[in-house]
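**Student:** Build the complex from these two chains, which are given one at a time in their own frames, with help from the hints.
Here's the letter readout for the chains.
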Amino acid sequence: MLSIKNLRAGIEGKEIIKGFNLEVKAGEVHAIMGPNGSGKSTLSNILAGREDYLVSSGEVSFNGKDLLDMSPEDRAREGLFLAFQYPIEIPGVSNINFLKTAINEIRAYKGLGPMEAKDFLKLIKEKQALVELQGSLAGRSVNEGFSGGEKKRNEIFQMAVLEPTLAILDETDSGLDIDALRIVANGVNKLRSADRSFIVITHYQRLLDYIVPDFVHVLYDGVIVKSGTKELALELEEKGYDWIKKEVVEA
Amino acid sequence: MIAAEKISSTGKLVSDFEEVKKTLPGNSFVQNIRQKAIESFAELGIPARKNEEYKYSNVQKLFADTVTLSVAEAPFSNISIQKYLIPNLDAHTVVLANGVFSEELSSLKNLDKSIVVSSLQNAFEKHPELIEKCFSKCADINSDAFIALNTAYAADGIFISVPDNILVEKPIHIINLIAAKESTLFFPRNLFVVGKNAQVQLVETFETHDLPVKAISDSVTEIAVDENAKVQYYRLQNDCENGQQINTVCASQQKNSHFDTNTVTLSGGWIRNNLNIALNGENCETHLNGLFITSDTQHVDNHTLVDHRKPHCESNQTYKGILDEKSTGIFNGKIFVQRDAQKTNAYQSSKNILLSDDATINTKPQLEIYADDVKCSHGSSTGKIDDDALFYLRARGLGIASARKLLLHAFVNDVMQTIRINALREYLETLIHKKLGE
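Protein sequence lines, in the order shown, are assigned to chains V and C.
Sequential numbering of the first sequence, starting at 1, is according to the numbering used here.
Sequential numbering of the second sequence, starting at 1, is according to the numbering used here.
Extracted from the complex, chain C is given alone in its bound form (with noise of 0.2 angstroms):
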């Protein structure tokens, strides 16, 4: 099943999917929807510079080249992963390589029976159910071109369901590897379904295995947190240089469910990221965290949105930035608090460290509240590292060198200790502290 055809603009990635989707996976339901999110995608077109969504991240210039569509490729193997692992990491392995499940490079053993972690293209077959109930229920093909687009498009992915009442003991790590000989752009497809009173752990690492050459990757991710459920998402992107990705995660709380997410990006060329996350029902947490470390031309844009649907639910987000050389970063955190969201806690920071005069971030907050009893605040600061600080160590011996390190290690100390497992904060303290002290 190889769909390898040049493809640059709207109209093109629209006509090719007519030859397409019949090499796609998915039973009448799925191809249904496939069919209503290319027409989406034709209607919304890749997103131009005036879309405000889309103001400071040029996508158009990221489809000006031609590029081969990689459509359900078998993944390649005979690599090793072990550099791909994380060191003192228990954990269940999964790989996607470019966007496709390996069942060779994962390792699944011991996971309770209950619990699935398999391709979506198995899922398509073996749980219809599961399918018509959470595939591309919270990612709107109509809300975005590139939901609308990876869901006409995307032939595989993860998918993971952890019934009701289960513990899953060691966290799953997911490891999505890219390797490409020319431009190519891909579709991974994620659904993450957990039941009602289950507990999961995910870490997602983003890695380039071998990529000479620039890879898109369009990808989406939809997890359903179910009454009373507790999910933590860690995402680590530490991409090479060319790894372009638009990254959209979708998440819809039940009542009573805890949802904590943080994504910390260290490395990769140009990266979107958008976050939704819907609360549907009373009294869930939510806690978006995010960490970024840009240097070079390093193009970074966290978009988040949290809709607070329902009474007594609170929202946290802090996300925090440093930037260096010409690197540019984006943080634009959107709240709705609809009418029915009373007694909605919800709270937003975005912090920023610019080190170099030729970095720039944007950050915009935007709430929009229609209930009137609710407690809601956004900060924002972007500035240098702080002289005064920075006079009172070397007052006390220590070099520039090791006093700004040590700053940005506190700077970025409060997002690091919301991530809860140890060998994975450990792992990324290793990672920036190898990136600060370049």
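Pulled out of the complex, with its shape left as it was, chain V reads as follows (with noise of 0.2 angstroms):
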């Protein structure tokens, strides 16, 4: 489904992500842990299609297709999506509004004509259940005066409405209490299925307590160092970070 090779790219003349490596095959859950720095966010940023990120070398191919040399639109409409570290409030664009246009122009992009309204309504209310998101949430302007744990939740309603075969959640944990936690974990295991991949991105272990992964891999300076299974990610709760760091350097 994704394929990273050899990838070097950074912002503003530096260098962050230095030859990155890694495959997601369909279903697969990889986490992608790191210590503040070692470039999480630039990568998850990177594979969004962010512009001010400047890609030197290496290759992305997501099911089959460079996705390098797609649009950030384009890279929604192929089935990518991002669950934002920090989503954006926009005043005046309601949720609904904008992910009927989403939808829509996704549609558009694979030939298919505008969704039923009532098709589109049902979807909006099964998927609100979900994530346990009050139907006035979704009325309401994207992420305007939403608390932290809301704005988390809405991203995932926005994953769950689009339904993307690769999803990126950039430390979706950071910030939510235990509750807002379960009910966004929750939210995403229900969307896992044997086509759909995720690469969950995030600090602590805390999350994959709740969202499991067939991989860990830890990212420092740039490159992945280690990779194991989800047990990896225990030891590095126990441990820390500082044991990885001394390993990257006796080597």
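Among the clues, some could well be false.
To be verified - Keeping only pairs whose Cα atoms sit at most 20 angstroms apart, straight-line, the calculated SDA-like set for lysine to any residue is:
{"no.": "1", "chain 1": "C", "residue 1": "K405", "chain 2": "V", "residue 2": "Y109"}
{"no.": "2", "chain 1": "C", "residue 1": "K384", "chain 2": "V", "residue 2": "E51"}
{"no.": "3", "chain 1": "C", "residue 1": "K405", "chain 2": "V", "residue 2": "E89"}
{"no.": "4", "chain 1": "C", "residue 1": "K126", "chain 2": "C", "residue 2": "V30"}
{"no.": "5", "chain 1": "V", "residue 1": "K100", "chain 2": "C", "residue 2": "G399"}
{"no.": "6", "chain 1": "C", "residue 1": "K384", "chain 2": "V", "residue 2": "R107"}
{"no.": "7", "chain 1": "V", "residue 1": "K18", "chain 2": "V", "residue 2": "V248"}
{"no.": "8", "chain 1": "V", "residue 1": "K110", "chain 2": "C", "residue 2": "A401"}
{"no.": "9", "chain 1": "V", "residue 1": "K5", "chain 2": "V", "residue 2": "K226"}
{"no.": "10", "chain 1": "V", "residue 1": "K230", "chain 2": "V", "residue 2": "W243"}
{"no.": "11", "chain 1": "C", "residue 1": "K405", "chain 2": "V", "residue 2": "R107"}
{"no.": "12", "chain 1": "C", "residue 1": "K405", "chain 2": "V", "residue 2": "A108"}
{"no.": "13", "chain 1": "V", "residue 1": "K110", "chain 2": "C", "residue 2": "G399"}
{"no.": "14", "chain 1": "C", "residue 1": "K405", "chain 2": "V", "residue 2": "K125"}
{"no.": "15", "chain 1": "C", "residue 1": "K405", "chain 2": "V", "residue 2": "D74"}
{"no.": "16", "chain 1": "V", "residue 1": "K65", "chain 2": "V", "residue 2": "K226"}
{"no.": "17", "chain 1": "V", "residue 1": "K110", "chain 2": "C", "residue 2": "S402"}
{"no.": "18", "chain 1": "V", "residue 1": "K18", "chain 2": "V", "residue 2": "A251"}
{"no.": "19", "chain 1": "C", "residue 1": "K181", "chain 2": "C", "residue 2": "N78"}
{"no.": "20", "chain 1": "V", "residue 1": "K100", "chain 2": "C", "residue 2": "N413"}
{"no.": "21", "chain 1": "C", "residue 1": "K214", "chain 2": "C", "residue 2": "S295"}
{"no.": "22", "chain 1": "C", "residue 1": "K384", "chain 2": "C", "residue 2": "G399"}
{"no.": "23", "chain 1": "C", "residue 1": "K21", "chain 2": "C", "residue 2": "I33"}
{"no.": "24", "chain 1": "C", "residue 1": "K384", "chain 2": "V", "residue 2": "P91"}
{"no.": "25", "chain 1": "V", "residue 1": "K100", "chain 2": "C", "residue 2": "R404"}
{"no.": "26", "chain 1": "V", "residue 1": "K100", "chain 2": "C", "residue 2": "S9"}
As the list claims (entries may be wrong) - Beta-carbon label-pair distances, calculated as ranges:
{"no.": "27", "chain 1": "C", "residue 1": "D372", "chain 2": "V", "residue 2": "E144", "range": "29 to 39 angstroms"}
{"no.": "28", "chain 1": "V", "residue 1": "S147", "chain 2": "C", "residue 2": "K55", "range": "43 to 53 angstroms"}
{"no.": "29", "chain 1": "V", "residue 1": "K190", "chain 2": "C", "residue 2": "D90", "range": "48 to 58 angstroms"}
{"no.": "30", "chain 1": "C", "residue 1": "D414", "chain 2": "V", "residue 2": "V55", "range": "35 to 45 angstroms"}
{"no.": "31", "chain 1": "V", "residue 1": "S147", "chain 2": "C", "residue 2": "A401", "range": "28 to 38 angstroms"}
{"no.": "32", "chain 1": "C", "residue 1": "K113", "chain 2": "V", "residue 2": "N97", "range": "44 to 54 angstroms"}
{"no.": "33", "chain 1": "V", "residue 1": "L123", "chain 2": "C", "residue 2": "K55", "range": "48 to 58 angstroms"}
{"no.": "34", "chain 1": "C", "residue 1": "G379", "chain 2": "V", "residue 2": "E144", "range": "14 to 24 angstroms"}
{"no.": "35", "chain 1": "C", "residue 1": "G379", "chain 2": "V", "residue 2": "K110", "range": "39 to 49 angstroms"}
{"no.": "36", "chain 1": "C", "residue 1": "P87", "chain 2": "V", "residue 2": "K14", "range": "20 to 30 angstroms"}
{"no.": "37", "chain 1": "V", "residue 1": "G37", "chain 2": "C", "residue 2": "K55", "range": "18 to 28 angstroms"}
No lab work stands behind these hints, which were simulated from the structure alone.
Idealized CB from N, CA, C, for every residue including glycine.
**Tutor:** What follows is the structure, given as structure tokens:
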């Protein structure tokens, strides 16, 4: 589904991702962990197509297509979804209107006509329940005046509505209390399927108690320095990142 | 009654008045005011760039070419006004053709008999007591050259009187149409008198009907809002590029009254809007909202003045601009809080988005506060479309064009929501959609 080969990239002339490799197959959940400044958010921004970041070398193929060649909207239309670490507040744009426009543009890209209003409302209702999002939130302006937890739930709600094939969760757990974390994780778990993959980027192991990954990778200074299964996350939780840093320095 | 003179300067406008004044309507009270007004205009003159009030709006350039004066010509008729009506708006319609009331094109049936909607000329004859009470009262001839010039020359316009305790159920839609074959200067003059406890919604639209040349309209509208009255006044300027307007609205509010106004400018080559509101009684509320979406070489200048003269009043201003291509915009908002006006709440906000590197906006808040127990604030911002928001929308699959459009609609949304006539708001939304889609 997603294949990243020797990716090097950065921002404002500073290289942050320094030869990154990752293979994600359909249905897999990969967790990427790492200390602050290791390049986690840079990676998610590059995959989503943020133009401030510059890729100097490497390849990213998504379902056989060159991802780096696509505009952010085309990546979304091809099935990639980024749950933002800091969801943007957009006063005056209602969640519903925004999602309707998004769905219909994605459909148009695939050569389909606009979704029937009746079907759209049914979809919204169903997905709202999935993330326990109140109806009134969906009718409000995008993220405007939402609490931290509501914003993150809204990200998962959007993901549920747009049904991507690859979802990248960028520190979705940051700033969430335990109840919100559980709701968000439940939402994600319900969306897990054989043809949908996830990349869960997080600083803490806590989220991975709820969203159990197939693989865990440790990102440090722009490269994956260690990969393993969910036990690696527990080890990190126990020992912190220092032993990894030490290993890297010694090697 | 046709006075067609080539004019191009202050001096010519002053000297021509001697000839024209014989043809102008009004009793000695009105004639007396006209005389004082032309004297004031002679003194003030067409403002130069060094005049702070006209620093960014070069009116002298507007008057550089010779124009024909249009004073009390018969209104043109034989046209269909269908395309100037607002879809689904159930309203009484009044048509001002070249600044002159057209009975033929207006439709005022079913209007309550106590309410007067007529030509100003007619009011000069039939309602001298209201004229003496309200004409040239809040529009001060000594304050601005174009108020003075209009007061001297104005021959007609709309007169509306809503007596005490009357609620006008349907909005009154005033359609301003301009048609001219040669460069012409018009002087429409309106007077709206709204009695105690009365309520009315006014919608005024400005369009050019047939204007292959440039025309200038120096218009003045006075609105007297009596105690406990509620007035909503919406203006839509949707001219073609040859329309050039210097548009002054002066409202005077008595105690416990509400005055809400929206000025929406979508098209028109050169527009200066002066909006002056005097709060002459306690506990008044006034809302001034504005929206301008400009392109090409359009020039839109909004000058507001809210004069808090009495305690416990609230004024609220929100102006928003979206400027594209080589257009220019100005927002100058003055708030006076006089010594008596304790417990005043006065707020002002001007926000603008520039869509092109060649577009310009000048915003200037001016607060002069002489009372010590007041709440006043002002804020101004100018920027581009928010890149983070744009990326967020694109990351959900929206293309650049529709993401931009969605954000621009969101930007104007709070001003749109202050329009409480649904049909008007929907109509404006359609026009804005079209304008932003270009």
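**Student:** Work down the list of hints and note, for each, if the structure agrees.
**Tutor:** To see whether the hints hold, each was checked on the structure:
1. C/K405 to V/Y109: 19 angstroms, holds
2. C/K384 to V/E51: Holds, at roughly 17 angstroms.
3. C/K405 to V/E89: 16 angstroms, holds
4. C/K126 to C/V30: 13 angstroms, holds
5. V/K100 to C/G399: 13 angstroms, holds
6. C/K384 to V/R107: Outside the cut-off at roughly 29 angstroms; violated.
7. V/K18 to V/V248: 14 angstroms, holds
8. V/K110 to C/A401: Holds - the C-alpha atoms of C/A401 and V/K110 are around 18 angstroms apart, at most 20 angstroms.
9. V/K5 to V/K226: Roughly 16 angstroms separates the two Cα atoms, so the pair holds.
10. V/K230 to V/W243: Holds: V/K230 and V/W243 sit about 18 angstroms apart, inside 20 angstroms.
11. C/K405 to V/R107: 19 angstroms, holds
12. C/K405 to V/A108: 18 angstroms, holds
13. V/K110 to C/G399: At roughly 14 angstroms apart (the allowed maximum being 20 angstroms), C/G399 and V/K110 satisfy the hint.
14. C/K405 to V/K125: 27 angstroms, violated
15. C/K405 to V/D74: 18 angstroms, holds
16. V/K65 to V/K226: 27 angstroms, violated
17. V/K110 to C/S402: 17 angstroms, holds
18. V/K18 to V/A251: 16 angstroms, holds
19. C/K181 to C/N78: 16 angstroms, holds
20. V/K100 to C/N413: Status holds; Cα separation ~18 angstroms.
21. C/K214 to C/S295: This hinted pair holds, its Cα atoms lying about 18 angstroms apart.
22. C/K384 to C/G399: 18 angstroms, holds
23. C/K21 to C/I33: Status holds; Cα separation ~12 angstroms.
24. C/K384 to V/P91: 16 angstroms, holds
25. V/K100 to C/R404: Answer holds: V/K100 to C/R404 is near 16 angstroms, not above 20 angstroms.
26. V/K100 to C/S9: Status violated; Cα separation ~57 angstroms.
27. C/D372 to V/E144: 29 to 39 angstroms: 36 angstroms, holds
28. V/S147 to C/K55: 43 to 53 angstroms: 46 angstroms, holds
29. V/K190 to C/D90: 48 to 58 angstroms: For C/D90 against V/K190, whose Cβ atoms are near 50 angstroms apart, the range 48 to 58 angstroms holds.
30. C/D414 to V/V55: 35 to 45 angstroms: 39 angstroms, holds
31. V/S147 to C/A401: 28 to 38 angstroms: Since the Cβ atoms of V/S147 and C/A401 sit about 33 angstroms apart, the hinted range of 28 to 38 angstroms holds.
32. C/K113 to V/N97: 44 to 54 angstroms: 46 angstroms, holds
33. V/L123 to C/K55: 48 to 58 angstroms: At roughly 55 angstroms between Cβ atoms, C/K55 and V/L123 fall inside 48 to 58 angstroms, so the hint holds.
34. C/G379 to V/E144: 14 to 24 angstroms: 18 angstroms, holds
35. C/G379 to V/K110: 39 to 49 angstroms: 44 angstroms, holds
36. C/P87 to V/K14: 20 to 30 angstroms: About 56 angstroms separates the Cβ atoms of C/P87 and V/K14, which means 20 to 30 angstroms is violated.
37. V/G37 to C/K55: 18 to 28 angstroms: Violated, since V/G37 and C/K55 (Cβ atoms, about 50 angstroms apart) do not stay within the stated range.
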